[in-house]
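Engineer: Each chain is listed here by its residues.
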Amino acid sequence: MNAAAEITFDHVTKRYAGRDAAALDDLSLEIPAGAFCILVGPSGGGKTTALKMVNRLIPFDSGDILIDGRSVRDIPVVELRREIGYVIQQVGLFPHMTVGENIGTVPRLLGWPKAKIRARCGELIDLVGLEQSDLKRYPAQLSGGQRQRVGLARALAADPPLLLMDEPFGALDPITRFRLQTEMRRLHREVGKTVIFVTHDIDEAIQLGDRIAILREGGVLAQYDTPDAILAQPADDFVAKFIGEDRALRRLALKRLSDVKLSPTNGADQQPRVSIETTVRNAVSLLLETKTDHLLVEDDNGQVVGAFRFSDAGALL
Amino acid sequence: MSVLAAGGPVIPTFGKGSSCVTGDHTFCWDWVRGHWHDTLGPALVQHIELTAIAVAIGFAIAFPLALLAHRFQRLEQPFGIFSALLYTIPSLALFQFLVPFTGLTVTTVEVALVAYTLVILFPNITAGLHSPPEEVLEAARGMGLTRLQVLMRVELPLATPAIIGGLRIAVVSTVAIATIAAFLLPKGLGYPIFLALKEPTPFKTEIYSAGALAVALALSCDAALVGLRRLVVPWASKGVA
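These protein sequence lines map, in sequence, to chains A and B. Following our numbering, the numbering of the first sequence begins with 151 at its first residue and continues without gaps. Following our numbering, the numbering of the second sequence begins with 443 at its first residue and continues without gaps.
A portion of the hints provided could be inaccurate.
[Claimed, not checked] One-sided excerpt, in silico: chain B residues whose CB lies under 8 angstroms from chain A:
| no. | residue |
| --- | --- |
| 1 | R516 |
| 2 | E580 |
| 3 | A581 |
| 4 | G584 |
| 5 | M585 |
| 6 | T588 |
| 7 | V596 |
| 8 | L600 |
| 9 | W677 |
Simulated from the structure, these hints should not be mistaken for laboratory data. Cβ coordinates follow ideal geometry from the N, Cα and C atoms, glycine included.
Bound conformation, chain B alone (with noise of 0.2 angstroms):
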């Protein structure tokens, strides 16, 4: 369900909603709570889904590459340079280059978002996979450990809290840029917005309540990160006693 099915694609109730929505006050709770279901609900599903799905692609790309970095150290420069290479080209004009070939559609906003969180996820899972001492690495093979399982039983975990780290910054990142997705699909927390900064008076509610999810959307997943690293890390929060 979209927003356009609301009702056309100006704000739906603008000019015949409370006062405070036809005077356009700063923040108008009656018309948060009025297009929750139509509005602001759809479009927190959708940003949601924007982001789960980049960075669910970004990982399942990310993670592979920098097993395969780690095993070749060879490839860890080019694969570094071109994620960041990525990452310098600004998302709108990413988005547009990316139309000719996929068009106004979903694909297009989410190679977008995985190219970008591709740059955060693949540095920080090469990171963690180098963040084991050498000394600890001298310890694994030195018992006896075969390759892969030094990479299972001591790479891997303590590669655990910089790949949440990096889990971390690219969800929220995403959470941002994918308000930009506007621009091309009537998707997302972006959207909104955008319809808001169409009116001849930017409707400020609209902006502020949209805003305010993503925003809340992105402290939120931050927080739940935060509660899976404690959960699966408990070696690094216990300190020298």
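Same shape as in the complex, but just chain A (with noise of 0.2 angstroms):
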């Protein structure tokens, strides 16, 4: 496999037996290589579902679902696991063996050399901000934010192509969740894996993901865009109602002020300063604040480099 896989959903359809509604209704998805993809909305749309499809925890009834144009059936399923990283919400580290152990786990099933295990565990210990020293404990001995970074490591530890990630910060307190989903977005930059990512929270649907599936009751697709290009042009009622109704504020918050092009400045002038790297979201929020017309936005240096105006942001929308 390569180091990240293409995803293709082909009208694949689920039911379970003794229910109307379908788990999941005729899905079709493309998921480029290396994309962050996030399949989100209400309970009951099939997300999770779907995402089980992928490593064949969930059969499914009709269509295909192929990993580089190979279809998922066609590989034996122990294999095709062990070729996909797994997260789950409560991540399901095992008990009886250590933070090094259940990050080796993998790795073992492989038949990797001790040496080759020891070392990739210590630089997945590093990767996802915890200490060498934590791989002698015990997960009994860690704190829900530490397990779930150990549950990372311990998928990422075979270097699988593909990671499969079920509401896996659903269950954190919401600072760990911020530091951890931001985490999760410059890991995803480093190691360049395709990501599927469940989640029911839109906010970190938009926060994570370079693309975005909603889905709806009886697994029917919503709509599958980018996150700005959903939050610009909802395809529906539904959509629209589920990203809510500040989507203007949501796409701003998408894009900083490196992405604005900024008003020229008059001369020394005393109003409030900014980073480049500012949400655009954010320096509307301190234009209201410091009731002002512009703010001044200095570069990395300090220099200032132009003015952000109410207008400017506009001219994103």
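The task is to assemble the complex, starting from two chains supplied on their own in separate frames and drawing on the hints.
Structural biologist: In structure tokens, the structure reads:
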């Protein structure tokens, strides 16, 4: 397999016995290699079902799911799963194994030499922001956030081209969740794998995803696009409602002042200054807070590169 | 070597021992010392044998049955009900019931003792195998462990505390129940008690010393298993730091 896998859902349908509504209704999605794809929607939308079909924890009735053009049905299930990183909300660390043993699970199954496994564990524990000494600890000795970091390291251990994440941060407190979301984005940039990430939280979807698939009740795909495109043009009332009435502000949160065509400045100005890395949403908030008509934008070296006005924000939308 | 060989069916030196013994005082150390080699020691060894065989065979039966019931969930209830029914039979009655088939033999005693260990071991092992949380099993399957690997690397290790817990109860209760074997056989710590009770005036020292040995045996077995648990289950004793 490549470093990142391309995933295709091809008219996938799933019905559970004794239920009228389909769990997943004719889902077709193309997820490019290296994408961070979010499956989001209310419960009953089939997002977890769709995720678990990829590693065949749940069978599908019709259609097909392809990894790099190969049907998941054609790959022996054990082999398939060892090549897909899997992270779940409750983490599911093995309580009788140390952190190191947990992380080394799949490499052990694959028969890696011990020294290679040890080196890989050391590498991953750094990557997910834990201490080397944590490798010797047991899961019961870790906090919830630390456990999910270990869960992530364990999923990445054998360097899989695809990572499936089922509401991985859903059980964490808001501060820990935010920290892990930020690190997840960094991690995705660093390891460049395809990620399919399930959440019911639209904020999380917008913050993390570079593609978002919104599923509604009955397992119907309502819209599949980039966060910006979805916020700019919700496909229907359901999507518009789901992403919220403040979607313009949410869009601005996705953009930074570096994306804005700034106005020229007029000489010695005493206006508040902001970094060019500030999100447009935060800059607008600052405009409102300081009751001024513009802010001075400075680059990394503290040089003023332009002024930011309300109208500049409006021009983005 | 049996108690009988030491000099007849009556308490060997009752009547010609020290004044403590002839007077049947509460507890006579000199009798215990004098009869360690011909009475108490051998009885203790026999008792350990009776218990060890019963628990070993019971475990050898209960373990595969529990694995089977775990694999084929439908079997669990019938197995469970059968073993629970066994336990409701009073031990003496069970001994008597078996005598026509297996006679006054060690086999009779062991069959009954094994039956009782099954009742304790089977549900404990089954419960242990059920103990891994669903998310742990899902993670295991999701990472590509085969069914056998899930059993060997996840379910059995996580079942170990419950299995050892079951062994503790089985050993302690078998040590206690095995004293009743003396109704059938001149074996075990029950036998000196049995003989002492048969005297016109029951000889207290013999009853107490054999009884105390049975208690001590149960406690030391239990302590040994607690030690074993600590050794093989290091993760359970480490809580949140």
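Engineer: May I ask you to test the interface hint for M585 (chain B) with respect to chain A, counting a Cβ-Cβ separation under 8 angstroms as satisfied?
Structural biologist: 5 angstroms, holds
Engineer: At a threshold of 8 angstroms, is the proposed contact between V596 (chain B) and chain A supported by beta-carbon distances?
Structural biologist: 6 angstroms, holds
Engineer: Regarding the hint that E580 (chain B) lies at the interface with chain A, is the smallest CB-CB distance below 8 angstroms?
Structural biologist: It holds, given that the least Cβ distance between E580 (chain B) and chain A is near 6 angstroms, below 8 angstroms.
Engineer: A581 (chain B) was flagged as interface toward chain A. Is the shortest Cβ-Cβ separation under 8 angstroms?
Structural biologist: 3 angstroms, holds
Engineer: Using the nearest Cβ pair, does T588 (chain B) come within less than 8 angstroms of chain A?
Structural biologist: Interface hint status for T588 (chain B): holds (6 angstroms vs cutoff 8 angstroms).
Engineer: Taking the least C-beta to C-beta distance, is W677 (chain B) closer than 8 angstroms to chain A?
Structural biologist: For W677 (chain B), the interface hint holds, since the closest Cβ of chain A sits about 5 angstroms away, which is under 8 angstroms.
Engineer: Tell me if the interface restraint on L600 (chain B) is satisfied: Cβ within less than 8 angstroms of some Cβ in chain A.
Structural biologist: 6 angstroms, holds
Engineer: Min Cβ distance, G584 (chain B) to chain A: is it shorter than 8 angstroms?
Structural biologist: 4 angstroms, holds
Engineer: Minimum Cβ distance from R516 (chain B) to chain A below 8 angstroms?
Structural biologist: At about 20 angstroms, which exceeds the 8 angstroms cut-off, the nearest Cβ of chain A leaves the hint on R516 (chain B) violated.
Of the numbered hints stated above, the single one contradicted by the structure is hint 1.
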